[in-house]
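Read top to bottom, the protein sequences are chains W and V.
If you number the first sequence the way numbering that gives the first Met the number 0 does, the last residue is 401 and the count never jumps.
If you number the second sequence the way numbering that gives the first Met the number 0 does, the last residue is 92 and the count never jumps.
Read the hints as simulated data drawn from the structure, not as lab findings.
Honestly, I wouldn't trust all of these hints.
[Stated by the list, open to error] Stretch-level coverage of chain V by chain W, calculated; a stretch enters the list once three of its residues show a Cβ under 8 Å from a Cβ in chain W: (1) 32-40; (2) 47-60.
[As the list claims (entries may be wrong)] Here are some chain W residues pointing at chain V (derived, C-beta under 7 Å): (3) Glu36; (4) Val37; (5) Ala142; (6) Ala186.
By construction, the Cβ of each residue, glycine as well, lies at the ideal position given by its N, Cα and C atoms.
If you want the building blocks of each chain, they are given just below.
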Amino acid sequence: MRRRRMIAGAGAALFGAPAVAAESTRIPAELPDGTREVVHFVNPSDKRRMLCLTDRPPNYATPVNVFTDAVTPNDRFYVRYHLTGVPMSVYDMDGWSLSITGDAVERPVQMRLSDLLDMPSNEVLAVCQSAGNRRGFVDPHVAGVQWTDGGMGCAVWRGPALRDVLKAAKVKPEALEVWLGGADKPAVEGTPLFRRSIPMEKALDGDTIVAIAMNNAPLPVWNGYPARLVVPGWVGTYWMKHLTRIEVTSIPLTNYWMETAYRVPAGMFPVERPFVSQATETTVPVTELVVNSLIADPLEGGEVDRSGFNIRGVAWDRGSGINRVEISLDGGHSWQDALLDRPLAPYAYRRFILATGAMRPGTYRLMCRATSRTGERQAERLKINPGGYHDNVPRAISVVAA
Amino acid sequence: MLAVFGGVVGCGAMAADAPVPLRPGAGGEAARANCNVCHTSDYIVMNSRFLTADAWRAEVTKMREAFGARIDEATAGAIIAYLAANYSVAGKP
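Could you put together the complete structure from these sequences and hints?
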């Protein structure tokens with residue numbers, strides 16, 4: 000009855016229905032032909048049935064049927080790395096510690112896991128979504144890992160607030176950014192370490208936490224064991240895994256990952272709180288998530304009952320909340336409102352459902368589109384950018400009613 | 000296993016499946032040998048066929064200049080020619 004506790008009130012019977020969605024078996028047709036040659040379903044280390052995009056470094060997408068649930072199980076949660084020197088088991092993290100240094104702290108400190116365990120902890124239910132989620136679907140295709148729509152997940156993250164962790168090092172008033180580093184390592188010396196930064200304003204937000212638990216369990220090794228930063232509302236690239244190194248600084252971080260990668264044209268994607276210290280006149284870092292939604296049931300190519308079936312899925316955004324989800328059965332010509340589950344948390348998935356009623360036999364093109372509480376609706380046309388980020392154009396999936 | 004007994008955080012080279020075989024052709028061995036140092040050569044197949052010859056040149060240049068791949072000029076040229084011949088689309092005139 001775990002689910003009943005979370006999903007209460009009107010519609011509980013609908014959303015709590017024990018219907019189990021079929022497992023995805025298809026490789027999406029919109030992926031590039033070459034991508035379709037290499038991706039395959041596998042059971043990677045402490046996960047089950049994921050879509051392997053690359054295994055070195057490990058990049059695994061969550062199958063779309065998993066998103067019938069508002070919380071993504073740890074063993075189905077997506078994996079994304081840039082560098083091949085990754086921990087292969089929790090034993091590789093023996094001796095783990097977190098250092099907090101930098102020119103904007105008074106007292107550098109080193110923390111062990113037990114220090115984090117001793118601190119008061121926060122719990123945040125939040126979506127972690129790769130900036131490049133759905134890159135494999137953007138048209139025209141752009142270079143990079145060709146993600147499906149499974150480069151994301153929503154989990155209950157628990158751990159001390161970053162601001163409480165930083166307090167131990169006594170942050171100076173001139174602090175501008177928090178630089179982050181993890182334990183993953185490049186294969187050759189010349190490759191820049193994967194390091195990212197966040198502005199102080201986001202670092203001091205009480206929802207930004209150093210997570211040492213995920214869905215009430217230790218983090219799976221490839222989701223950042225033993226501790227990862229959780230930056231709700233921001234894309235996954237800031238959610239540093241195996242967080243080992245924090246520097247609080249009065250100057251912006253300059254490296255390949257900040258200055259060249261993970262950037263979008265200035266003004267293309269408006270945000271609530273700009274990352275000012277990393278902005279230039281022409282480009283800004285990709286930060287806040289855009290409003291988006293996904294149909295998890297039925298699946299592309301599935302056969303549905305013409306006497307009526309339920310369309311289920313999730314919608315999410317940067318944390319303002321989801322106000323409306325509309326469904327189209329005819330490829331976007333007409334739309335009707337789906338029923339929304341109660342909101343679980345600002346940064347969480349919000350589930351939706353629509354009962355179609357009886358239909359004529361034939362092929363239907365199903366789409367969903369979400370609108371946030373601040374009035375943003377999914378884009379009608381792709382905002383083309385070199386990294387293939389922020390694709391939130393409603394995507395049609397075909398089903399056959401028989 | 001060293002990391003377990005060493006008491007320090009360790010992230011070694013990882014075991015992985017064999018990549019999808021690259022298409023046979025001039026420069027193919029140079030591409031296989033060099034690209035697989037840092038990542039599976041499945042990245043090549045995955046990113047086909049939609050990059051132009053120029054886009055492949057930019058990728059190889061990025062690997063050398065931004066990621067520190069130790070590939071000399073002649074080898075880089077051979078890899079670019081191989082990728083252009085086997086995994087690219089025609090560029091716009």
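The hints, checked one at a time:
1. Using a Cβ-Cβ cut-off of 8 Å, 4 residues of the region 32-40 of chain V lie near chain W, which meets the minimum of three, so the contact claim holds.
2. Using a Cβ-Cβ cut-off of 8 Å, 6 residues of the region 47-60 of chain V lie near chain W, which meets the minimum of three, so the contact claim holds.
3. At its closest, the beta carbon of Glu36(W) sits 5 Å from a beta carbon of chain V; the interface hint therefore holds under the 7 Å criterion.
4. Checking Val37(W) against chain V: minimum C-beta separation of about 4 Å stays under 7 Å; hint holds.
5. The restraint placing Ala142(W) at the interface with chain V holds, with a minimum CB-CB distance near 5 Å, inside the 7 Å limit.
6. The interface hint given for Ala186(W) holds, since its Cβ lies 4 Å from the closest Cβ of chain V, which is under the 7 Å cut-off.
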